[in-house]
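**Student:** Sequence:
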Amino acid sequence: AMISGAKRYILSPPKACTKLGIVTQRGNPIFRHSMLNFGHLNEMDNPEMPEGEREWLKRSSEALAVETVLKAGEVLYIPSHWFHYITSLQKSAQCNVRSGVDLEGDPYFGGKVDV
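Under my numbering, the letters of the sequence shown match residues 8 to 122, in that order.
There's no promise every hint is true.
[What the hints assert, rightly or not] Taking lysine-lysine and the DSS-like style, the derived pairs with C-alpha atoms no more than 30 Å apart in a straight line are:
(1) LYS78 <-> LYS22
(2) LYS22 <-> LYS119
(3) LYS14 <-> LYS26
(4) LYS65 <-> LYS26
(5) LYS78 <-> LYS98
[Stated by the list, open to error] With beta-carbon atoms standing in for the labels, derived distance ranges:
(6) ARG66 <-> VAL104: 29 to 35 Å
(7) PRO114 <-> ILE10: 32 to 38 Å
(8) ALA72 <-> LEU110: 22 to 28 Å
(9) PRO114 <-> GLU81: 25 to 31 Å
(10) GLY107 <-> GLU62: 34 to 40 Å
(11) LEU110 <-> GLU58: 37 to 43 Å
(12) ALA72 <-> PRO114: 15 to 21 Å
(13) VAL73 <-> LYS119: 19 to 25 Å
(14) MET56 <-> SER87: 32 to 38 Å
(15) ILE85 <-> GLU50: 26 to 32 Å
(16) ASP109 <-> GLY59: 32 to 38 Å
(17) ASN35 <-> VAL104: 25 to 31 Å
Derived from the structure by calculation, the hints contain no laboratory data. Every residue, glycine too, gets a C-beta built ideally from N, C-alpha and C.
With the hints as extra help, turn the sequences into a complete structure.
**Tutor:** Spelled out as structure tokens, the structure:
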């Protein structure tokens, strides 16, 4: 729940994780996080951007995603294993709660096996 301020959320289902640069090696410090800096999307034409990063960002643009802005007093449910990229738009405070793990997933969106 967003207590104050606002944040922008980009959500992608588990089946999109292969396009989002998710680190899958257990023991890696960023295990289950994306290696991509989505803040660099505005820099795609910058000749100094490493080609590998440019290719991954192009690939990520093909991922199924939904975007929303969460404002004070609003609640957002994020299903288990869904990728979420969050940007603060204002000074904000929020409260998070985990509701358990969905082991089965969904045939269309995917689940734990797709992460």
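**Student:** Evaluate each hint against the coordinates.
**Tutor:** Here is how each hint holds up against the structure:
Among the hinted pairs, LYS78 with LYS22 is consistent with the structure: their alpha-carbon atoms are about 28 Å apart, no more than 30 Å. A C-alpha spacing of about 9 Å is found between LYS22 and LYS119, which places the hinted pair at or below 30 Å, so the restraint holds. Between the alpha carbons of LYS14 and LYS26 the distance comes to roughly 23 Å, so the proposed pair stays at or under 30 Å and holds. A C-alpha spacing of about 9 Å is found between LYS65 and LYS26, which places the hinted pair at or below 30 Å, so the restraint holds.
Our distance criterion of 30 Å between C-alpha atoms is met by LYS78 and LYS98, whose separation comes to about 11 Å. With their beta carbons about 33 Å apart, ARG66 and VAL104 fall inside the hinted range of 29 to 35 Å. Under the hint 32 to 38 Å, the C-beta atoms of PRO114 and ILE10, about 36 Å apart, fit the expected range. For the pair ALA72 and LEU110, the beta carbons lie near 24 Å from each other, so the given range of 22 to 28 Å is met.
Checked against the hint of 25 to 31 Å, the C-beta distance between PRO114 and GLU81 comes to roughly 29 Å, which is consistent with it. One distance hint, 34 to 40 Å for the beta-carbon pair GLY107 and GLU62, holds here, with the actual separation near 36 Å. At roughly 39 Å, the beta-carbon separation of LEU110 and GLU58 lies within the given 37 to 43 Å, and the hint holds. For the hinted restraint 15 to 21 Å between ALA72 and PRO114, the CB-CB distance of approximately 19 Å keeps it satisfied.
As the Cβ distance of VAL73 to LYS119 is approximately 20 Å, the hint placing it in 19 to 25 Å holds. Here the CB-CB span from MET56 to SER87 is close to 33 Å, well matched to the stated 32 to 38 Å. For the pair ILE85 and GLU50, the supplied restraint of 26 to 32 Å holds, since their beta-carbon distance comes to about 27 Å. Roughly 33 Å separates the CB atoms of ASP109 and GLY59, a value that falls within the hinted 32 to 38 Å.
Checked against the given bound of 25 to 31 Å, the beta carbons of ASN35 and VAL104, roughly 27 Å apart, stay inside it.
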